[in-house]
Amino acid sequence: MNDFSATLKKACSEAILAEQNSPDGIVMTIKADKIRQVFETLAGRGTSDGRMLLTDISAVNIEENDCRFELYYHVFLIDLHLRLTLKCRVEGDKIDSIADIMPAALMPEREIFDMFGLKFRGHGNLPRLFMHNDFEGHPLLREYPLMKRQILLEQTKFE
Amino acid sequence: MGIERILAGKNNPLGKLAGKIINLARSNSLTPYIFHTGGSNSRIISRLEAESRLAELGLNEPCFSPRQADLLIVAGPLNTRMASALRFVYDQMPEPRWVMALGDNACDGGIYKNYAVVEGVAQIIPVDVEVRGCPPSMEDIIAGLERLRKIIRERNLSDDYPPKPESADKK
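So the sequence lines, in the order shown, correspond to chains A and B. Be aware that the first sequence starts at 0, since it is given in numbering that gives the first Met the number 0, and climbs by one per residue. Be aware that the second sequence starts at 0, since it is given in numbering that gives the first Met the number 0, and climbs by one per residue.
By construction, these hints were calculated from the structure, which means they are not laboratory data. The reader is advised that the hints may include incorrect statements.
[Stated by the list, open to error] Listed next, the in silico EDC-like pairs over lysine to aspartate or glutamate satisfying Cα-Cα at most 20 Å (straight line):
1) K15(B) to D107(B)
2) K118(A) to D65(A)
3) K147(A) to D113(A)
4) K93(A) to D32(A)
5) K33(A) to E13(A)
6) K112(B) to E142(A)
7) K147(A) to E118(B)
8) K147(A) to D107(B)
9) K118(A) to D32(A)
10) K112(B) to E62(A)
11) K19(B) to E94(B)
12) K118(A) to D99(A)
[Stated by the list, open to error] Over 10 Å on every C-beta distance to chain A, these chain B residues come out as not near it, computed from the model:
13) N22
14) L23
15) N59
16) P61
17) R80
18) A115
19) A121
20) Q122
Using N, Cα and C, we set each Cβ at its ideal position, and we do this for glycine too.
Could you put together the complete structure from these sequences and hints?
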């Protein structure tokens, strides 16, 4: 486990800000603009076969110190049997997509765009996932009114 | 259907009696269509069918098309995106039709009140009977059914079939 984190730190020393051990695995805080570098390193790791799962991407709308969002990338490294959580804070509403490195990120990124309005640069197909097309705003943002309902009364045409 | 309109006519002496008989027949032969939305309430109906004899209360077997049904049972929380589907199902049902909202989730959103859930199907379609409870007990559902049958029996035939307004040509 220590070998792995040392290797990752050496490969992308600028990207990783902090590291923390938790009972479930390792939590790493990384820079938002270096997210692609970290995933490219993870996908082609020299020490092991590089097989890993991107389990999920989750987000929180925090409004502090010019940071709007905090993203969590939940990664499971199969050969090391290690859970790795990559945490990054996003300023503004844009971040690089990792969907071309990890195709498992396609759906979670669409879901985060739908719920939070966070745009992923380089994600080829970014329409709404859960809410209907006439829906205005993004429901999990803090500025979305709690009691606002947008009911779809016309039949949806599926293409 | 034509004979009901004649019976419900203004000066028909048989109108009241015929209305009573027709309403009695209707209340004893309801054919439900169950609009499942995936909540736990929709399972209650199947259990109810198995455990109690609903035919004695005038509920037929559920049918598989809204076009043959006269009672729509909405069970479970309704998504904002599903609202158009519920409206579509309701529009296909023949007149006269009744709607029962089953469970807290269908009545006002229940524990699922958030941006994606319609707070009460009454916003989409007219609801005759609301059965509360999450999930409602068997007794609640049977009481709701009894209440619906009472509503049906107390209806006036002339309300269903209002006399045709005289056309403007005659005047």
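- Query: Looking at the structure, which of the earlier hints fail to hold?
  - Reply: Hints 1, 10, 17, 18, 20 not satisfied by this model.
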